[in-house]
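Participant: Position chain B relative to chain A; hints supplied.
In case you want the letters, here they are:
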Amino acid sequence: MAAVIPDPLDHHHHHAPSGLMRWLTTTNHKDIGTMYLIFSFVMFLSGGVMALTIRAELFQPGLQVVQPEFFNQLTTMHGLVMVFGAIMPAFVGFANWQIPLMIGASDMAFARMNNWSFWLLPPAAILLLGSFFVPGGATAAGWTLYAPLSVQMGMGMDFAIFAIHIMGLSSIMGAINIVVTILNMRAPGMAMMKMPLFCWTWLITAYLLIAVMPVLAGAVTMILTDRHFGTSFFNAAGGGDPVMYQHIFWFFGHPEVYIMILPAFGIVSQIIPAFARKPLFGYASMVYATASIAILSFVVWAHHMFATGMPAVGQLYFMYATMLIAVPTGVKVFNWVATMWRGSLSFEPPMLWATGFIFVFTIGGFTGLICAIAPIDIQIHDTYYVVAHFHYVLVAGSLFALFAGAYYWLPKWTGHMPSDRLGKLHFWCSLVFFNVTFFPMHFLGLAGMPRRIPDYALQFTDFNALATIGAFGFGLSQLIFLAVVVKCARGGKPAAAKPWDGAEGLEWTVPSPAPYHTFEEAPLVK
Amino acid sequence: MSETLERYFVPEPSRFPIFGSVALLLFGAGAALWVNQVKAGPWIFFLGIAILIYMLFGWFGQVVRESQGGKYGTRVDASFRWSMGWFIFSEVMFFAAFFGALFYVRVLTVPALSSGENEALLWQGYSGAWPNAGPRALDTAAVEPFTPMGAWGIPAINTLILLTSGATLTWAHYGLLKDKRGQLKLGLLLTILLGAIFLGFQAYEYVHAYGELNLRLDTGIYGSTFFMLTGFHGLHVTVGAIMLTVMLCRAVAGHFNSQHHFGFEAAAWYWHFVDVVWLILFVVVYWL
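Chains as they are written, first to last, in the working numbering: chain A, 1 to 526; chain B, 1 to 288.
Same shape as in the complex, but just chain A (with noise of 0.2 Å):
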């Protein structure tokens, strides 16, 4: 692979602005991925203090910390920060940063549309974390702002609505944007069964989330009139069904769900190959499973209502089609390992958090595999079971990719080598404290605690408090990472243009950190 680096002098940096108006006008792909990376840690982290707070109330039995009424708005409003705010920018901020750099593009396509896809979501963020300050507080309805509570809700539920609706476009015009610049903007010779595997993820995303995001915009627009324009969507009086907004969120919410995890498939694709010294086993498998995760996720999402009262043949049809997700992931996990297989392996901090994802998740995926049997979910429904189950594939899933992704092309971005020692102190620290956290949860869910609930019986204590313990050691672990970051952008022992030896992509043909504009002339991929 050839890649002819620009003179760095060239004539866009004559009218550059400098200073805020830089980030506020920018068009540079590596500029607005930084501010998405940016702006999802402290969305990360004040989503992190709502769910400290829970972990504190939910410390002992009764209630000392926080009234319900609060208890509850820090529950809905810790999902979707967490959701809208942290997850999902993290993974445009990857996109936007790599993409480019891995196809051989000049930038995204749509440089001044990736712009206004960033800057709404400070907007949104605004409106959401504003509402805590309205009448009546922000909203309590649940993450999944189930009707009929949130259509009862107090002006709280407007701004989350409306919060809503400007991440939605956010996420349309983000995802248009990588579509369009993953097929256009391949680099000569980039055929697409030869782009690196985050890519192919991000364009599979990509169209999951275009498909999605008006569906949820649906939802809460049919919430907006049933609370203020007199429809009766969710109301059975006037012939709607509240179950209905159920059907339609989870239509929206289990793609979403995919929409979290398949482009952390593709960061752990790239990063195990790397430190396995081994190209990935399965290329084309990987793909195809990938493709099928994103088809089967349209039809599997009433798995999220089994106890609303379905007819058993619906029953069975949803849990079969969930089940059969368990094929395309099992494939993927299969071909992660057998990367590793007979590898030349080192554990750097990339491979640590991608071989950790590999573990944490996959027991996510089973108890989601136990959470879709309809006869066993009817018991854990709504229990701690599920908020187990999805935090090992949130928590340990996206956002360790995450961390592995960070910490694989911190180098790329910043010119500096992140310290070793404190990302390995990171990663061992967020793995005993995230299974300290969340393994408990499960015991507690088996034994009927319900979620979202501030107090609970006292038969619960031993394990809410040693779950509490585990939280906030996690939190604490993630200023580590703060740590890591601040220390690699301020300096440090400085970055070869490939640093991991065993790492493939155009990418790392750039030198390190990857100068503002990069492949204005296409590289030529052989």
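Hints are computed from structural coordinates only; laboratory data are not their basis. For each residue, glycine too, the CB sits at the ideal point set by N, CA and C. It is possible that some hints are incorrect.
What the hints assert, rightly or not - Stretch by stretch, here's where chain B covers chain A in the computed footprint (C-beta under 8 Å, at least three residues):
(1) 155–163
(2) 206–216
What the hints assert, rightly or not - Quick list of simulated restraints, FRET-style, between CB atoms:
(3) B:Val283 x A:Gly314: 19 to 29 Å
(4) B:Gly69 x A:Gly314: 53 to 63 Å
(5) B:Val284 x A:Ala326: 32 to 42 Å
(6) A:Ser18 x B:Leu56: 19 to 29 Å
(7) A:Val299 x B:Val283: 24 to 34 Å
(8) A:Ile378 x B:Thr170: 51 to 61 Å
(9) A:Met192 x B:Ala40: 48 to 58 Å
(10) B:Val64 x A:Leu183: 17 to 27 Å
(11) A:Arg342 x B:Glu66: 53 to 63 Å
Facilitator: Below, chain B alone, put in the same frame as chain A:
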């Protein structure tokens, strides 16, 4: 990939996106306050709209200038085509949510509410015959009865109008392809006029529904699905007509030639999309 050596156009830093973000912040906050009867709400809302209009004028104006300046090569053109296609797909999915709601209530909810235990214990006498305003309308003392909107009056005429507008738009496109500028402008003008007539009829139909049929947005699930589907469609017709008006102005200003006219095509795609939505709407909302 013969054109890959061509440099892809990357725009200069732009102030428009941040204007758009401020506009939508004011729009969202204003709307949320307005629906909760806070006095400042509509002011903030309309300030947001005003900034949004400024932003759209500025941004699209710049895109038009860049296009006229020849900055967009064949690859940028391809990007525009992909993106407009996927944008329309996202709009399809938005309408799918509302059509899905209509199908769900008609196939599942209303039959369930009007049969078995629901009917026997909760809402005796609720037949569920479509269209209806839900079980609470059984209490005719509290809920005045309504008359459903017929399909074969204005809606049928509107169907013909929109189908004709699709034909006139294609005729305009042929004019553009054959460099017959008069045909282009006349076709566009006819299309916009037909769109305006459609919207006029639609507005008349709404007045008629509210005034004489007692059919309102709060007329149970029938009113909800009827007005939300036709309302969002009408909004999209309005947007499409604005797009076509811009294209007419550009055609008058001498923009577009038989090779480069993606702006026109994008507006035409969008117009055909609202056309198809209307056909589905006519069948499942008005007719069946």
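Participant: So which of the earlier hints does this model not fit?
Facilitator: none
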